Amino acid sequence: MTNFLQKLTLSVFFLCTSLSVFSAQLPSNISSAQIEQFKSLSPAQQKALASSMGIDLNSIQSQINNSSSADKNEPTELEQYTPREMNIDDTSFNTVDENQVTAFGYDVFANVPSSFAPINDVAIPESYMIGTGDTLNIKVFGKENDEYEMPVSREGKVIIPRLGAYNVSGMTFSEAKAYLRNEIQKKVIGVEVVITLSELRSIRVFVLGEAFKPGNYLLNSLSTVTHAIFTAGGISDIGSLRNIQVKRAGKLVQTLDLYDLLIKGDSSKDIMLKSGDVVFVAPVGNRVTVEGEVKRPAIYELSSNETIGDVISMAGGLLPSAHSSSTIIERYNAKSLRSVINVDLSSNAEQSKKVQAGDVVRIMKSSETFQQSVSIIGAVSRPGVYQWESNQRVSDLLPSIQADLLEDADLTYSLVIRQSGLGRDIEVHQFSLKNALANYDSEDNLLLKPLDKLLIFSNQDVIINKVNTLNSLVMTEDKLLDEERNKAKARFSDKEFWSEFGEQELDENDDPLKEKSELDELKPRELSFFSRQRLLLPVIRNLTQQAASNSSIQVVDIAGAVRYPGTYPLPVNGNVKDLITAAGGLSESAFLGNAELSRNDLTHNEVRKQLLAINLRGVLDNTSDNVLLKSRDRLNVNKIPYWQEEQVVTLDGEFRFPGKYIVRRGETLTQLIDRAGGLTEYADLNATLFTRESLKQLESKNLSDVTEQLRAEIATKTLSQRNGSSIDYEQVNKLLADLTKVKPIGRLVINLPSLISGQSNNITMENGDSIFVASKRNTINVVGQVQVAGSHLYENNLTYQDYIKLSGGAKIQADEDRIYVIKANGAVHIPESGNWFASNNNELKAGDTIVVPLDTYFMEDITLWQTATQIIYQSAIAVAAITSL
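In my numbering, each residue carries its 1-based index in the sequence shown increased by 20.
No lab work stands behind these hints, which were simulated from the structure alone.
In this text, all values refer to a predicted model and were calculated from it rather than measured experimentally.
There could be a bad hint or two in this list.
Under the rule of at most 20 Å between Cα atoms (straight-line distance), these lysine to any residue pairs were calculated in the SDA-like manner [said to hold, decoys possible]:
1) 159 to 146
2) 473 to 455
3) 284 to 274
4) 825 to 808
5) 597 to 632
6) 473 to 456
7) 473 to 415
8) 206 to 157
9) 515 to 503
10) 650 to 632
11) 865 to 848
12) 716 to 761
13) 716 to 784
14) 796 to 770
15) 507 to 494
16) 473 to 447
Could you build the full structure based on these sequences and the hints that come with them?
Following this line, the structure appears as structure tokens:
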């Protein structure tokens, strides 16, 4: 008793000394050694020690439980797994050939996660053989309650305290449970017995041959052949999946073909291993490659005597798109040369032929051409490929205008593209959808043939011309607002996309509507998807390619006063009226008297131009003037003499009746001012802003030319700064981008007092002209490189230097040698020289603007920077001067 108390005192003292270090810390910081010492004490001693140290006993118990749980979850030495590393290169995804086949089955064992393990949390099969190292958990409850953790000894016995030793060696798990239950119940009456396996014995297995990492491994006794292969990291690239041998005591006990498991799901030969077993992976045998239209193209290993049908079955069978009657087998012949064998897989006799090592079985793809079908393309609700039926007509495919056509569908001009002859040449048939749907027996309701393609065009050539219909406006104001927001977001995204990736320009030679000037400046993305220009492009290209010496190209041209002038396919029996219909009809300005038809007349091996006068009134009435067209005919529709589109001029400012006016041809500015009632008494005749659209276009062209010249300068010269450092190319591009964004003004400098008095030549008005006459002002504007830009009251005795001083003086980067004055009418005056571009008056007047320009050499002494900066800066100054009016 004394010795026990001494030991207890020493233990308590040791623990107190150890835990005193952690008394100011959380219980979770107690070391594992201290926890083990604490666990060795009785519950009463643990409670007393925790109380004396001021530590919560529940916290220590929680840490002990967590530690025990973690110990159970930690992998033991039995789990010596060697997973194959995943070699993933982010850049390799861009270069991988998706059509390249790989060896079948190896990827199943490669890249195995390190957590893979056949561990103990699986049900123990009743046929499991009990052996040395297994631990049985025996629970007895009823009259007596006991629990035993009894390992199986090396002699194969389980020794239960107070009950004796029981030999379970060679018994299955079910037999051992029944045997021990009966023996215990014989000796202890009135109890129930539950027996489980708490721990499994470990076995040592050798994985040899062509394993990824051969060696010996410790596994648990439930491990099978595939577990051992997984543990060794799988099978190497030269290992066999079809010849895996299990040897026990030097004898072959099983041969595993993994194809049975991978393809058929048959694991019957995946036997459980015993300690000392050898899993031997033989080298890979003969292989064949299966490519093409199969479900699982890959490289497959042959076992023995496989046929072509067997190999196709390994590959999962044929795809529906496979052309089984024209399968190709590439094979090495007796002379070690490649040979080709054609095989018809639809024949059982062909499928029973043997395959050989190195064969490449290539299953070809069937043709994607539809048979007995017709296609509908264009402005329809449901475009696609449809089944062709006998006596089928256009109205059978498109029976309803409302349900089957888009709202912008052209009902007057449609085409049927039909193949003719074995050479797949095409011929074009023109019809009117309106007539076809109105009258079933109409000649426009064409009888269709297999492989016909119906082209339904849109009557809008440009996407931006499409407007909302009344049906699209049947919604609340909030929904309409949301719709506009979504459209704005879509336009912004579209603009960002094209700005980033650009777009391919339409080839002028491929443009069927190249005659139409309105489309010359359009970008391809701005064209309606179903416009004539888009849909006719492949048709005309096909007609051009099929033309030969004995077959002229079947296209015709139309120009002049029609909606869509250009090149069109010549339909079968096409006439002048058909061509006018194809071009969208006559425009408002068309002269119905005479049109000119030019034709190439081939006589005596010579081509002569033949000119025919066509009466368009007779054409529209289907008289004899509606002649049949020939290849390369060209119809020119004249405009009505002296026809002129409405020309609108805008008058704004100090006019008695400002507004928009329709001007006559040759009408002058002074005549237009008289029509507007003249000017008010507050008008400043010297402050007139005259802008013209043609001048804007000219300025825009000049800006584009300057931009291209600067780009050429970048490409041909090495740009460098004065200190020798190179210029950032990205900054140069940004500068050029800013230059392209400069908006042209199109201002024409005029002297309105001289025009009104008749001292200067009058100005003939043009469409789009805009005249603004400002009211009288009593200010002088100072802009540019001054300390504070602004306006000052006009005083007769002040010079331009005085006004600059009133604005704080010029900045350090100002170019004081090139100061100039923009007069209110737009004329420019350089004070030093007294030279005027539009006036000889040297004195400042109210409404003038003094400009102090930027010294571009202050930033960069290079032509590129000087030119671009001047353009951008002067444009900004011009806008500021106009704004001040």
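Status of each hint after checking the structure:
A C-alpha spacing of about 19 Å is found between residue 159 and residue 146, which places the hinted pair at or below 20 Å, so the restraint holds. Proposed proximity of residue 473 and residue 455 is supported: the alpha carbons are some 19 Å apart, at most 20 Å. Restraint check for residue 284 and residue 274: satisfied, since their Cα atoms lie roughly 18 Å apart, inside the 20 Å limit. About 10 Å separates the Cα atoms of residue 825 and residue 808, which keeps this hinted pair within 20 Å; it holds.
Under the criterion of a C-alpha separation no larger than 20 Å, the hint pairing residue 597 with residue 632 is consistent with the structure, at around 15 Å. Between residue 473 and residue 456 the alpha-carbon distance is near 16 Å, which keeps this suggested pair within the 20 Å criterion. Using a Cα cut-off of 20 Å, the hinted pair residue 473 and residue 415 holds, with the two alpha carbons roughly 14 Å apart. Annotation: proposed proximity of residue 206 to residue 157 holds, straight-line Cα distance about 19 Å (limit 20 Å).
Distance check on the hinted pair: residue 515 and residue 503 sit about 18 Å apart at the alpha-carbon level, within 20 Å; holds. Annotation: proposed proximity of residue 650 to residue 632 holds, straight-line Cα distance about 13 Å (limit 20 Å). The suggested pairing of residue 865 with residue 848 holds, with an alpha-carbon distance near 13 Å, which does not exceed 20 Å. A distance of roughly 14 Å separates the Cα atoms of residue 716 and residue 761; the hinted pair therefore holds under the 20 Å criterion.
The hinted pair formed by residue 716 and residue 784 meets the criterion: a straight-line CA distance of about 17 Å does not exceed 20 Å. A threshold of 20 Å between alpha carbons decides the hint, and for residue 796 with residue 770 the separation of about 17 Å falls inside it, so the pair holds. Between residue 507 and residue 494 the alpha-carbon distance is near 17 Å, which keeps this suggested pair within the 20 Å criterion. Of the supplied pair hints, the one linking residue 473 and residue 447 holds, its CA atoms being roughly 11 Å apart against a limit of 20 Å.
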